[in-house]
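Top line first, the protein sequences correspond to chains A and B.
When we follow the working numbering, the leftmost residue of the first sequence carries the number 4, and every step to the right adds one.
When we follow the working numbering, the leftmost residue of the second sequence carries the number 4, and every step to the right adds one.
Mixed in with the good hints, there may be bad ones.
As the list claims (entries may be wrong) - Now the in silico label distances, taken between C-beta atoms and shown as ranges:
id	chain 1	residue 1	chain 2	residue 2	range
1	B	V152	A	D8	28 to 34 Å
2	B	A29	A	D290	37 to 43 Å
3	B	D58	A	A26	55 to 61 Å
4	B	T38	A	A26	58 to 64 Å
5	B	P121	A	D8	24 to 30 Å
6	B	A254	A	S315	21 to 27 Å
7	B	Q317	A	E239	35 to 41 Å
8	A	L319	B	A117	41 to 47 Å
9	B	A349	A	D357	35 to 41 Å
10	B	G36	A	N5	46 to 52 Å
11	B	G314	A	D290	37 to 43 Å
12	B	V110	A	A172	54 to 60 Å
Claimed, not checked - Covered stretches of chain B (chain A as the covering partner; in silico rule of three or more C-beta atoms under 8 Å from a C-beta of chain A):
id	region
13	47-53
14	168-181
15	223-237
16	319-326
For the record, the hints were derived by calculation from the structure and aren't laboratory data.
The beta carbon of each residue, even a glycine, is placed where N, CA and C say it ideally should be.
Protein chains: 2
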Amino acid sequence: MNLHDPRTPYLLLDRSVAEANIARLAARTAALGVTLRPHLKTTKSVDVARLILGDRPGPITVSTLAEAGAFAAAGFTDILYAVGISPAKVDDVLAIDARVTVLLDSVEQAEAVAGRVPALIEIDGDGHRGGLAPDDPTLERIAGITDVVGVLVHAGESYYARSVAELEAAAEHERAVAVAAAERLRRAGHACPVVSVGSTPTAHVARDLTGVTEVRAGNYVLFDLVMAGIGVCRVEDLAASVVVTVIGHRAERGWIMTDGGWMATSRDRGTARQPVDQGYGLVTALDGTAYPDLVMADASQEHGILAVRAGSGQPLPDLPVGARVRILPNHACATTAQHDGYHVRADPRATAIDGYWPRVRGW
Amino acid sequence: MNLHDPRTPYLLLDRSVAEANIARLAARTAALGVTLRPHLKTTKSVDVARLILGDRPGPITVSTLAEAGAFAAAGFTDILYAVGISPAKVDDVLAIDARVTVLLDSVEQAEAVAGRVPALIEIDGDGHRGGLAPDDPTLERIAGITDVVGVLVHAGESYYARSVAELEAAAEHERAVAVAAAERLRRAGHACPVVSVGSTPTAHVARDLTGVTEVRAGNYVLFDLVMAGIGVCRVEDLAASVVVTVIGHRAERGWIMTDGGWMATSRDRGTARQPVDQGYGLVTALDGTAYPDLVMADASQEHGILAVRAGSGQPLPDLPVGARVRILPNHACATTAQHDGYHVRADPRATAIDGYWPRVRGW
C-alpha cells in the first residue's frame, strides 16, 4: 500500500518523526531524574504506547476509562486516570484489570473512593481548570478520608505561553506548587510518594525537577502547530498529518478545494490565538516539503479551502484535481480524534504505508 | 436503562423533538411542491433516516462514501453524494449497491466520471465553497462531456445570516441561481431534470421554489444553537444534547467542572460569531429546563467549565458532584460526530432510555 491508496481524508503518521520526539523527551526526563508517565490521550494507540514503553507495563496516563480499559487489555498495569473522578465511575475503575489511580479535588470524591481506589489530589497552579488552590486546607481533609498516594499539577496555561522564558517560569511554578503540596501532606503525616507534574511545553523546558517524581506529557509524540508556535518543536517535528485530495479550484478567489474539511481536521483553531495564525493547518507535499504560506484557510464539514496566506505574495501552487497533500494540524489531540486510526509510514521520504494503528475511541 | 445509567459524557436524542422537526420541514416542502432529499451528514444514522423516510428507499443526500455504503446496505437506493467527486473515488462509487449521483464542477471531474456515474453540476451562489460561478461557460462544457442530470446550489452563507429578511433573500437567491443554471443547460439541449437547492436555514424560510425540484437539509432534524441564533428554530427544538456529570467546583472562580470537554462537544464555537455567544453550549437540566444564563464557558479535552454568562447577575445553580446536566450544542453536525451513537428517549420528560442508534463514521 502506498500514500495514494487509502481513501482520503486519512490520518498519516511518520514513525521516525514520532520516534525522535519520543527519544528527545525520554532523554530529557532521564537527565532530570524523573519518571516519564506518558499521557496517551493524544495518540490513544497501543502501538504508540509500545513505541514509547517497549514491553514495559507502564506507567501511563489516560483521559478516559475507555483508554484505561483498552490499555489494561493490552497488558499495561500502572494507569493514572487523570480526570477528576465521577462517583458513578468508581465501579468501572474497579472493573479494570490494572492498578488504576484516580484524581480528585473534593471531599465528596474522596468519600466516593475511600478504601476502594488509590488517588492523587489535583492542585491548581495556574487557574486552568480543576484542582485545589495551593493554600486550600481541603488538601489535608481529603488525605484524612482516603488513600492519597500523591499530588498532581498540570500547567495547562503553558499552552498559551509566548516565550521560552514564560515557559520556563510556568515549569518552575508547576514544580514548586506540586512540591509544596506534597510537603504539606508529609507534614500532616502522609507519605505522599508521588509528585506528578506535566504538560508537553513544561516537560521540554524544565531545568530542574527537584522534588518531582514523575512527568506527564502526551502531545509530544506527535507535536502540532500550536507547539511549534510556542517554540517547543519545529514544524518538521510534527509526526501526524491529514492527507487530502484536491477536488477543485476557484481561481478567481485564489482557492484550491479539497475533500478534507473540519470533520477530518477538527474545528480546533488553536493557532488563532498565536502570533501566526495557521488557519486549519499548514499544507505540505506528501514528502513534507512545505508550499510556502499555503494554509487550509477555511473548512466546511467535508470541504477544505487551501489559500495562500494574505499578504505573503506567494503564488498559489499548481495542484491539479486528484493531487494529494498533507495538512499539518493545529492541535494533534483534536485532529487525530477525528480518525479511527493512523496509516503509518517509516519516515517522511517513504511512499509506502507499512502499518495501520487503531485508536481508542469514546468514554 | 435510564438517564443516569450510560457512562458520561454521552449523546442524548429526544425522539419526539426530532419527529416534530421532521414533520415541520416535511409539511413545508410538501406545501412548496418540492421533494425533500434529507442530508444525512448531520445525523449519520439509519434509524434517523427511517424516522424521516419510513420504508421509502430515498431520496437521501450523504457527505461521505462511508455514509453512502452504510445507507445502501440498509436499503436506500437513491443517494446523492454531495461533495465534489475525487477521480480516485469513482470506482468506490460504482461499488456501492445503489444509484449514487455525484457532484462536480470541473472538466477534469467530468472526464473522470464520463459514461460511468450520473452527476449534478455544482453552482456557487454565494462564494461559500466550491461550484461554478453562475456565468461560467464551463457549465455547458461539462454537460457535453458526461451525463449531467441536473444542477445543485448550496446557500452555505445562510448560516451567517442575521435576520429572517436576510435568510429569505438567501433562499430566493439560491433558487434563482439554480433555476438560471438549469435553464442554460436546457437551452444547450440537456434535459436537466434535477434542480437541487438547500440548506437548513433557506429550507425553512423559502416562500417560493418555482423551478426547483428538490430541497436538501440535514441539520433540521436536530437543530442547534447556531440555528436558534439565526431564528430558524427555538432552543426547545434542539433534539440532541450531551449529558455530562459534575466532577467538581471552583467556587472562587464561579466554575462548575464537568467530565465533558471538547472531545464530547467538539471544538465548534459557531455562536461566537453571533450576537449571543453561547460558549461551548447552553446548560439545561435533564428534562430540558434551562439554568438561566448557565453556559459551558470553556473546555479542555475531557473537562468542561460551566459558568454563568458574564454580567447576567444570575446565581450559579447548586449542582453537586455527581449531578448530570445536558449541554445543548452550537453545531449539531460537529458535536454529534464526536460520538458513536445516540442514546434515545421518547421525549424531554422521559427519564428512561429506550434505544441506541449508531452513527456512521469515517470516510
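Which of the stated hints cannot be reconciled with the structure, identified by number in ascending sequence? 2, 6, 7, 8, 9, 11, 13, 14 and 15
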